[in-house]
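Residue numbers (the UniProt record's numbering), protein chains in the order written: chain A, 1 to 460; chain B, 1 to 460.
Among the clues, some could well be false.
In this list, chains with the same sequence are indistinguishable; a pair is considered to hold if it fits within one copy or across any two.
Unchecked claim - Quick list of in silico lysine-lysine cross-link-like pairs, DSSO-like style, CA-CA up to 27 Å:
no., residue 1, residue 2
1, K363, K56
2, K135, K363
3, K158, K170
4, K84, K189
5, K56, K135
6, K293, K56
7, K293, K172
8, K158, K361
9, K391, K170
10, K292, K17
11, K56, K361
12, K292, K116
13, K30, K128
14, K172, K292
15, K84, K128
16, K391, K17
17, K361, K135
Calculated directly from the structure, the hints in this document are not laboratory data.
Next come the chains, spelled out residue by residue.
Number of protein chains: 2
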Amino acid sequence: MEETNANYEEQYEEKYKEYSENVLTTLNNKDMDEFREVFLEMHPYDQAMFFNEQSKENRMLIYAYLAPNELADVMINIELEETKGFFMEMDPRFAAMVFSQMPADDAVDTLNQLDKDAVVSFLTIMDKDAANEIKHLLHYEEKTAGSIMTTEYVAILKSQTVNEALLHLKQKAQEAETIYYLYVLDDDKRLVGVVSLRDLIISSDSTLIGEIMSENIVAVSVARDQEEIAQMFRDYDFLALPVVDFQDHLLGIITVDDILDVMEEEASEDYSKLAGISETDRPNDNAFSAAKKRLPWLVILLFMGMFTASLIGQFEQTLDQVAVLAIFIPLIAGMAGNSGTQALAVAVRGLATGDYENTGKIKLIFRETATGFITGTVCGIVISFVIFFWKDDLFLGILVGVSIMASIVVATIAGSLVPMIMDRFNIDPAVASGPFITTINDIISVLIYFGLATTFMAYL
Amino acid sequence: MEETNANYEEQYEEKYKEYSENVLTTLNNKDMDEFREVFLEMHPYDQAMFFNEQSKENRMLIYAYLAPNELADVMINIELEETKGFFMEMDPRFAAMVFSQMPADDAVDTLNQLDKDAVVSFLTIMDKDAANEIKHLLHYEEKTAGSIMTTEYVAILKSQTVNEALLHLKQKAQEAETIYYLYVLDDDKRLVGVVSLRDLIISSDSTLIGEIMSENIVAVSVARDQEEIAQMFRDYDFLALPVVDFQDHLLGIITVDDILDVMEEEASEDYSKLAGISETDRPNDNAFSAAKKRLPWLVILLFMGMFTASLIGQFEQTLDQVAVLAIFIPLIAGMAGNSGTQALAVAVRGLATGDYENTGKIKLIFRETATGFITGTVCGIVISFVIFFWKDDLFLGILVGVSIMASIVVATIAGSLVPMIMDRFNIDPAVASGPFITTINDIISVLIYFGLATTFMAYL
């Protein structure tokens, strides 16, 4: 399998190595012309990779050798968190020019990383048109349509012909984020239709746009959540989606490449939350900031764990008499935690992908209850037999088996119920992390286990 | 916020309701012409939603009223798992025609859901060209480039002019999956360049393709893993990517709409695995198949838990003498599990998104060790004080505090080390589920806690 890969893939990596070595040589020679020739031939993503690997000294040379629009291409391909430092080390006037050359949505994302003071000064020295566009976008809340849209779209009129539209497109093609959809506006800038470039290409030159445009427009409100928008892209296979205000004025468009980033971001977030990390960890974070992101949950869980401990403390008498009971505490609590986490993951993921909109949430709760009974019964019977043969104590086996069964049933129901309830109250269900559900289920299982043990003490 | 949404979004939902009611009326009236008129005006995704809601009786009417290519549009918008039943209830000849009208990659995905017998019979009665294309794609392994690519692309020659290419495009535009990239082949069908429709639009008619094509092609090998391909789309903002064999022959293309599905699928899978579910649960699964997907991990964890229990059993003497020790078992094991899961999630997600390729894995292990020391020290000090004030027992407080600190440090290192090692041996690190790490960390923490307790027994 590996050998068949000796094609474009490896060639590409080799090419990158070769290119980047060449570019480095030109930098070392301080040869601007040569640098521009080799560097600008690379894909902007590769340019960004190269840029990222450079020392501050080399970066300073690159700032001097590139035009603002060329550096803008590099900057939009760098991880957002890292751009801050780069912009702060550039000459402010040059940085402002770079900002004005970036697609407005990317510029806004980057500016959102900076201190307010810096943002204001950049906006002041920036080209006025670009500054206005950015100021406009800066108002939109994070993670809404407004924050991920761009204003670089192609708009045409209903009364234009295909030929006129194509000519207009040729002019706009360089700066527009997508030319594959053209948005048809009325005189009031309201969105009335959409034409795909595909439709344009296959129509004759003199056809009116009004005849071929689709009026069956799917548009999103500027305040719409980005996760829902990602789902629409997935369902309807869009390449771009228009964003409108409450009067259907076209404000901008969202393109599929930004949606790929949104999906990655949302998946990482959900994943981190399931593991009990408030914010997604970055590989560049140092240990202190990584610890800061994890400690909130850990401390909450510590106190919840103390509560579990004090619960067990209530049964100290039982424990004093039958010390062997302690042996099975982690097993029972662990199994409750595990089955609860499974149920939680199914429910949260189902809610996130919208899978339950049709099938119904009540149905899921019933199914989870039944699933809990099946898994609980299987695990309970297995453990009863194992303990019976190991400890030669039938009653202990049954006690642990029944406790595990009951704990799994309750934990499974809790695991699916908690995110459903959160969703009902419009709280993001992904906040219900695995460790949180696990600790709740620790408490439930300890109560079940020691409750049963204390009740049937006489038989132990 | 909610009120500003009274625009296209709500209109769209209302429109869907209105449309679907109209369509339903035409079905009830058995009015084929009216049905076709209203139904075919809906977006294929909405058609699929409507189709999905129908009784078998109504579905039979729909099969009779629609042409194979029209039904194909509906079928590619239905969840893969559900299509099986629909194709099996159609007349086999009609079903075969529908398959031959579907994009080949979607047809293959659907056929992969069916029994081998059914696949063979469909392929036999199908249109020969379509059957050959599908047979060809059926050979590719699941989750590789080959399995998600389509063969409906537009190929041109280096020697053609822009005008000739545009004319060729007009002919192919209807059936091609994307017309936004045109692939340039040599006489031997080898990929030598790519031209975007954008480049074509802005060039003059008589320009040669060879002059405007980009030779800096990014292509993937047919055996490449789909997750890596998704990452390339995200990094390079592609709308489509060519797939080649080891001699650079163009075999097909992958389009961004399929990548959105891949990303969703991979995110769901990673998420499920973190929670210890072998396969992603489906909302339509019944309780038995849901239980079947969860039991493997649960039973493994049950036996691992038994091992933990037998370990604690080794310390029964210690427990008999100081029963209060048992109270803190779930707390210490729980904290180890929680911090281990956090570290695991960071490492797995980082590996999945390729974030560590540049920064280095060794560096991460060091950072995690430092993070573990910080979180462990904080939690250890907090718990020592709480226990000291609660139980008025300084030594017990220190014992639990030190145990928690040591457990968190070891668990954090284990949480990041295990996925790194798995990745090293080319095992998908996402397989290392949270519950698995949690149970390993249970064992480690119990050993630390009882080891310390037994050693310093005299002070308790």
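Item checked: Hints violated by the structure (numbers, ascending) -> Numbers 2, 4, 5, 6, 7, 8, 9, 10, 13, 14, 16, 17 - these are the hints that the structure violates, sorted from lowest upward.
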